[in-house]
Amino acid sequence: MTITPLEVDHRSGSGSGSILEVRDLTVTFTTESGTVSAVDHISLDLREGEIVGIVGESGCGKSVTAMSLSGLLPRSARTAGSVRLHGTELIGAKEPVLRAVRGRDIAYIFQEPMSSLNPVLTVGRQISEVLQVHERLSRKLTRDRVIELLTLVGIPSPLQRIDNYPHQLSGGMRQRVMIAMAVACDPKVLVADEPTTALDVTVQAGILDILRELRDRLGTAILIITHDLGVIADIADRVVVMYAGRVVESAPVDELFARPQHHYTAGLLAASPAPGRHAGTDRLQEIPGLVPVLAVQPDACTFAPRCPAADAQCLGSAPPLTSDQNALGLLPGHAFACWHPCGKPPTSAKELKP
Amino acid sequence: MRTYLLNRAWQSLLTLILATVVVFLGVRALPGDPALALAGEDRSPETLAAIRLQYGLDQSIPVQFGHFVNNILHGDLGTSIRTGTPVSSMMRTALPVTLQLAVFAIVLATIVGVGAGVVAAAKRGRPAEWVANGLALIGLSVPHFWLGLVAILYLAVATGLFPASGFVPFTENPVENLHHILLPVVILGTGLSAVIMRQTRSATLDALSADYVRTAKAKGLRPSAVIGRHALRNSLIVVVTIAGLQLGELISGAVVTEQIFGLPGFGKMTLDAVFQRDYPVIQAVVLVTATAYIAINFLVDLLYSLIDPRIRVGGEAA
Amino acid sequence: MSTTEAPLTPGPSVADGDADAPREVGRRRRIVRRLIGNPLAVISFAVLLVAVVVAVFAPWIAPYSPEQTDFARTFAPPGTSGHLLGTDDLGRDVLSRLILGSRASLEVGLLAVATALVVGVPLGLASGYFRSLDAVISRFTDLLLAFPFLILAVGLAAIRGASLGNAAVAIGIAQIPGFIRLVRSETLRLKSLDFVTASIVDGAGDLWVLGKHVLPNATSVILVQATVAIPAAILGEAVLSFLGLGIQPPDPSLGTMLATAQQFAARAPWTAILPGVTIMVLVLAFNIFGDSLRDALDPKGSRS
Ligand SMILES: Nc1ncnc2c1ncn2[C@@H]1O[C@H](COP(=O)(O)OP(=O)(O)O)[C@@H](O)[C@H]1O
Ligand code: SF4
Ligand SMILES: [Mg+2]
Numbered sequence: 001m002t003i004t005p006l007e008v009d010h011r012s013g014s015g016s017g018s019i020l021e022v023r024d025l026t027v028t029f030t031t032e033s034g035t036v037s038a039v040d041h042i043s044l045d046l047r048e049g050e051i052v053g054i055v056g057e058s059g060c061g062k063s064v065t066a067m068s069l070s071g072l073l074p075r076s077a078r079t080a081g082s083v084r085l086h087g088t089e090l091i092g093a094k095e096p097v098l099r100a101v102r103g104r105d106i107a108y109i110f111q112e113p114m115s116s117l118n119p120v121l122t123v124g125r126q127i128s129e130v131l132q133v134h135e136r137l138s139r140k141l142t143r144d145r146v147i148e149l150l151t152l153v154g155i156p157s158p159l160q161r162i163d164n165y166p167h168q169l170s171g172g173m174r175q176r177v178m179i180a181m182a183v184a185c186d187p188k189v190l191v192a193d194e195p196t197t198a199l200d201v202t203v204q205a206g207i208l209d210i211l212r213e214l215r216d217r218l219g220t221a222i223l224i225i226t227h228d229l230g231v232i233a234d235i236a237d238r239v240v241v242m243y244a245g246r247v248v249e250s251a252p253v254d255e256l257f258a259r260p261q262h263h264y265t266a267g268l269l270a271a272s273p274a275p276g277r278h279a280g281t282d283r284l285q286e287i288p289g290l291v292p293v294l295a296v297q298p299d300a301c302t303f304a305p306r307c308p309a310a311d312a313q314c315l316g317s318a319p320p321l322t323s324d325q326n327a328l329g330l331l332p333g334h335a336f337a338c339w340h341p342c343g344k345p346p347t348s349a350k351e352l353k354p
Numbered sequence: 001m002r003t004y005l006l007n008r009a010w011q012s013l014l015t016l017i018l019a020t021v022v023v024f025l026g027v028r029a030l031p032g033d034p035a036l037a038l039a040g041e042d043r044s045p046e047t048l049a050a051i052r053l054q055y056g057l058d059q060s061i062p063v064q065f066g067h068f069v070n071n072i073l074h075g076d077l078g079t080s081i082r083t084g085t086p087v088s089s090m091m092r093t094a095l096p097v098t099l100q101l102a103v104f105a106i107v108l109a110t111i112v113g114v115g116a117g118v119v120a121a122a123k124r125g126r127p128a129e130w131v132a133n134g135l136a137l138i139g140l141s142v143p144h145f146w147l148g149l150v151a152i153l154y155l156a157v158a159t160g161l162f163p164a165s166g167f168v169p170f171t172e173n174p175v176e177n178l179h180h181i182l183l184p185v186v187i188l189g190t191g192l193s194a195v196i197m198r199q200t201r202s203a204t205l206d207a208l209s210a211d212y213v214r215t216a217k218a219k220g221l222r223p224s225a226v227i228g229r230h231a232l233r234n235s236l237i238v239v240v241t242i243a244g245l246q247l248g249e250l251i252s253g254a255v256v257t258e259q260i261f262g263l264p265g266f267g268k269m270t271l272d273a274v275f276q277r278d279y280p281v282i283q284a285v286v287l288v289t290a291t292a293y294i295a296i297n298f299l300v301d302l303l304y305s306l307i308d309p310r311i312r313v314g315g316e317a318a
Numbered sequence: 001m002s003t004t005e006a007p008l009t010p011g012p013s014v015a016d017g018d019a020d021a022p023r024e025v026g027r028r029r030r031i032v033r034r035l036i037g038n039p040l041a042v043i044s045f046a047v048l049l050v051a052v053v054v055a056v057f058a059p060w061i062a063p064y065s066p067e068q069t070d071f072a073r074t075f076a077p078p079g080t081s082g083h084l085l086g087t088d089d090l091g092r093d094v095l096s097r098l099i100l101g102s103r104a105s106l107e108v109g110l111l112a113v114a115t116a117l118v119v120g121v122p123l124g125l126a127s128g129y130f131r132s133l134d135a136v137i138s139r140f141t142d143l144l145l146a147f148p149f150l151i152l153a154v155g156l157a158a159i160r161g162a163s164l165g166n167a168a169v170a171i172g173i174a175q176i177p178g179f180i181r182l183v184r185s186e187t188l189r190l191k192s193l194d195f196v197t198a199s200i201v202d203g204a205g206d207l208w209v210l211g212k213h214v215l216p217n218a219t220s221v222i223l224v225q226a227t228v229a230i231p232a233a234i235l236g237e238a239v240l241s242f243l244g245l246g247i248q249p250p251d252p253s254l255g256t257m258l259a260t261a262q263q264f265a266a267r268a269p270w271t272a273i274l275p276g277v278t279i280m281v282l283v284l285a286f287n288i289f290g291d292s293l294r295d296a297l298d299p300k301g302s303r304s
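Chains as they are written, first to last, in our numbering: chain A, 1 to 354; chain B, 1 to 318; chain C, 1 to 304.
It should be emphasised that the hints constitute simulated quantities derived from the structure, not laboratory data.
Glycine included, C-beta positions come from ideal geometry on N, C-alpha and C.
Among the hints, erroneous ones may be present.
[To be verified] Pair ranges (Cβ atoms, derived):
| id | chain 1 | residue 1 | chain 2 | residue 2 | range |
| --- | --- | --- | --- | --- | --- |
| 1 | A | D186 | C | R33 | 31 to 41 Å |
| 2 | C | P59 | B | T171 | 49 to 59 Å |
| 3 | C | P59 | B | V157 | 44 to 54 Å |
| 4 | A | L137 | B | I242 | 34 to 44 Å |
| 5 | A | E148 | B | I307 | 47 to 57 Å |
| 6 | B | L303 | A | R217 | 42 to 52 Å |
| 7 | C | F130 | B | W130 | 53 to 63 Å |
| 8 | A | D254 | C | T197 | 42 to 52 Å |
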């Protein structure tokens with residue numbers, strides 16, 4: 001596993017070499033009962049061939065972040081900040097521009113492969129659709145390419161499967177179809193939003209293997225979203241930890257597991273089974289309390305109500321995301337947003353290291 | 001799929017048998033001697049005796065029922081006690097008029113209703129949706145027989161643009177036929193299109209919020225493809241299943257429309273029979289309607305199973 | 001989804017049909033707030049309120065007896081002094097007949113829906129709750145559906161003669177299947193919810209579970225269905241009376257008024273137009289209110 005040392009402090013300007021640069025991404029929803037702040041000034045970078053994991057409890061804004069990258073949020077969403085794909089700004093871009101990006105440059109895999117596939121169209125048809133929109137291949141070439149894609153994602157007897165409807169496939173096969181659809185146009189960025197959450201533990205590993213293989217073979221950059229630290233430990237190069245719409249910590253994966261600084265990350269690790277093994281259920285629930293639904297982002301640490309180390313400072317001002325804590329002996333590229341970081345790990349946490 | 005259809009066929013048959021029993025018992029529920037009711041004006045002992053013999057009224061109820069079913073199966077729906085005409089031949093002249101009216105109205109209502117429903121769902125929150133919704137609400141709330149009266153008053157009587165009443169068979173004069181049937185078709189179609197519009201809109205809204213529509217958008221498809229290829233395909237399956245249930249409304253609507261426009265169809269025949277207490281005709285009308293309803297709903301199920309691959313190609317993989 | 005004023009309190013988890021008391025009160029308040037915030041809902045409710053008040057006090061409000069003829073003043077146009085909306089072919093006051101006719105419409109509407117509720121709700125509950133009864137009740141539903149309301153009315157008129165009561169019964173019977181299906185699917189949904197399952201596991205009696213958990217939680221969908229069933233029944237009454245299968249002349253009914261007006265429409269258009277407009281306003285008000293109510297009850301938020 002290669003660890004790319006990367007500056008993620010959002011104040012530090014351009015992350016050169018990145019395919020995708022997200023800066024101060026902020027999303028609010030207008031709902032019947034007022035505004036909901038879902039994502040607050042998030043910054044992250046994705047490089048070619050890199051797998052970055054976003055981890056956090058349900059409702060912390062992971063999916064909203066993913067959807068906002070190519071403007072897929074409903075009209076009730078207000079998005080601000082910047083998302084640059086190879087330097088092209090996507091926030092505020094016109095629909096035709098975004099349509100050309102979706103499926104071709106940024107492709108998605110979603111959590112529920114059953115409901116995410118159209119029940120009344122054959123899987124072949126659903127995969128060809130992407131090719132027809134973006135590549136305008138002939139019918140024959142399209143079919144050949146679909147079969148090639150089905151083979152690539154490890155679907156046995158693709159010649160038969162191409163004419164199947166989603167309900168004729170198993171859960172794992174459906175997710176492979178979703179992946180085939182997503183990589184059809186050889187996208188630069190693949191966003192996988194909880195791709196294994198709805199699947200059996202035995203099937204999960206196979207899906208992760210395919211994603212890794214795609215990265216190795218095609219150099220696709222992958223943003224994988226999960227609440228399962230096991231998945232992160234298995235596949236990610238770098239991890240971004242989110243809490244209540246904010247990035248609270250970000251680090252290369254080994255570094256994060258070895259020296260978590262934010263108390264939320266530490267809580268996640270403590271509540272998680274030894275990484276490397278897959279957790280079937282949401283282990284994060286073991287931290288007492290809930291992710292708050294926020295109307296406005298407060299000038300405070302949003303984790304304070306659940307934090308064992310919270311004090312007046314935490315409630316009085318929001319800790320910035322910083323990475324210059326050499327005193328703590330952290331590796332470069334490790335950033336966190338906490339007034340009272342955990343510091344050097346207690347000896348017992350060493351067993352958590354993968 | 002075969003088991004699904006066999007099951008539906010069996011259920012339909014059972015419903016049909018029950019409906020036949022109900023109709024049979026309905027006439028027996030008449031106060032007094034059914035022979036008197038079936039005889040009409042002519043109450044001479046000979047006539048009454050003949051009727052008792054014809055309907056087997058002297059025999060036990062089960063035997064009578066057997067008689068009744070036997071007659072129906074032989075195409076004998078009884079004889080009008082007013083005109084002496086066999087009911088089956090009355091049906092043969094009346095039904096084509098009603099069928100033409102109903103089929104034209106359904107086609108019109110489907111085109112207008114599905115179109116408006118999709119527009120309303122796709123243009124959610126924009127003026128086009130309010131217009132479509134408003135029109136559908138009015139279409140649902142206006143009594144369409146009244147709309148027919150107003151149309152006759154202002155479009156037929158006042159301007160002479162359309163004939164106010166009457167019918168010309170298509171085989172006799174196609175142009176005149178269409179001229180006569182157009183206004184009734186539009187009137188009958190309005191109410192139906194409002195219902196179809198609302199069902200299409202609601203089913204399309206459901207489909208548009210489905211995960212697979214998000215997938216379609218994430219693929220970079222145009223809104224027209226997202227709606228047409230992904231949402232509409234799914235919502236129409238829902239609309240088709242509900243549309244079968246509208247048939248009752250359609251039959252009721254056709255009766256009134258025929259009455260207003262003086263079309264010599266099934267509805268006119270029915271109403272004449274009621275006011276003349278022509279029981280054999282009423283009995284046949286009720287039975288034919290129920291049979292048509294059951295048969296068409298079975299066909300809708302058949303259609304549904306053909307367009308929904310989850311039923312057509314069964315077999316959930318492990 | 002609620003937005004908390006104090007930004008750090010945890011958000012509420014999604015409430016799902018739970019009869020938890022404080023939550024239920026909050027839900028009701030939210031529904032009422034949504035309704036009040038919707039101008040169409042307020043207007044339609046006001047129209048319905050006026051219609052009901054007018055119907056209840058109709059004999060006192062109507063300027064004339066609806067059957068009082070005046071052969072000296074037949075076909076008086078609207079605006080004639082003493083006859084605000086004119087008179088008909090027999091010199092009867094149109095306004096008075098409209099008022100009494102609306103009252104009859106509402107009566108039939110309520111009577112029909114009451115019939116449908118009394119039969120449909122218990123059968124729907126039974127069908128959804130007891131698996132053994134489901135098939136039988138489903139066949140019964142199919143059987144009822146095979147007889148459109150007009151054909152039912154034809155049959156009833158043939159057997160028992162045409163009247164307001166028979167029209168209401170025919171319409172009500174035709175509406176039973178809708179209630180059965182709705183209540184059945186709602187029962188199936190509720191039955192699978194945790195708090196109901198828990199209650200069943202705890203050994204609660206079937207009737208108790210149905211009465212305590214299922215029915216109270218199904219009331220909102222039943223209410224919405226009733227608000228769309230009443231206007232349908234009003235339209236049905238108008239049709240039946242127009243055809244002579246419902247209320248019989250000289251009793252005032254919007255349908256019979258139209259039937260008479262049909263002959264004189266060219267001479268006295270108001271006698272044909274006013275009853276139709278009255279029906280439309282009544283039905284529209286019910287439909288708009290029903291839509292608003294459904295939207296307000298929809299946990300997914302407004303749809304219109
Ligand atoms: N369409 C929407 N309207 C209003 N709020 C929304 C919408 N979508 C998401 N949210 C809110 O945004 C927050 C983040 O949601 P999401 O990104 O889906 O979380 P997760 O991390 O589980 O993927 C949640 O509080 C959610 O309630
Ligand atoms: S800033 Fe304070 S409250 Fe927030 S995680 Fe750090 S110590 Fe806890
Ligand atoms: Mg999510």
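Okay, the hints, checked on the actual structure:
Against the hinted window of 31 to 41 Å, the Cβ-Cβ separation of A:D186 and C:R33 comes to about 51 Å, which falls outside the hint. For C:P59 and B:T171, the Cβ-Cβ distance of about 56 Å falls inside the hinted range of 49 to 59 Å, so the restraint holds. In this structure the hint that C:P59 and B:V157 lie 44 to 54 Å apart at CB is violated, the actual value being about 36 Å. The hinted range of 34 to 44 Å is satisfied by A:L137 and B:I242, whose Cβ atoms lie roughly 39 Å apart.
Between A:E148 and B:I307 the C-beta distance comes to about 31 Å, which lies outside the given range of 47 to 57 Å. Checked against the hint of 42 to 52 Å, the C-beta distance between B:L303 and A:R217 comes to roughly 46 Å, which is consistent with it. Taking 53 to 63 Å as the suggested C-beta distance range, the pair C:F130 and B:W130 does not conform, at roughly 45 Å. At about 45 Å, the CB distance of A:D254 to C:T197 agrees with the hint of 42 to 52 Å.
Hint compliance for this structure: hints 1, 3, 5, 7 are not met, and every other hint is.
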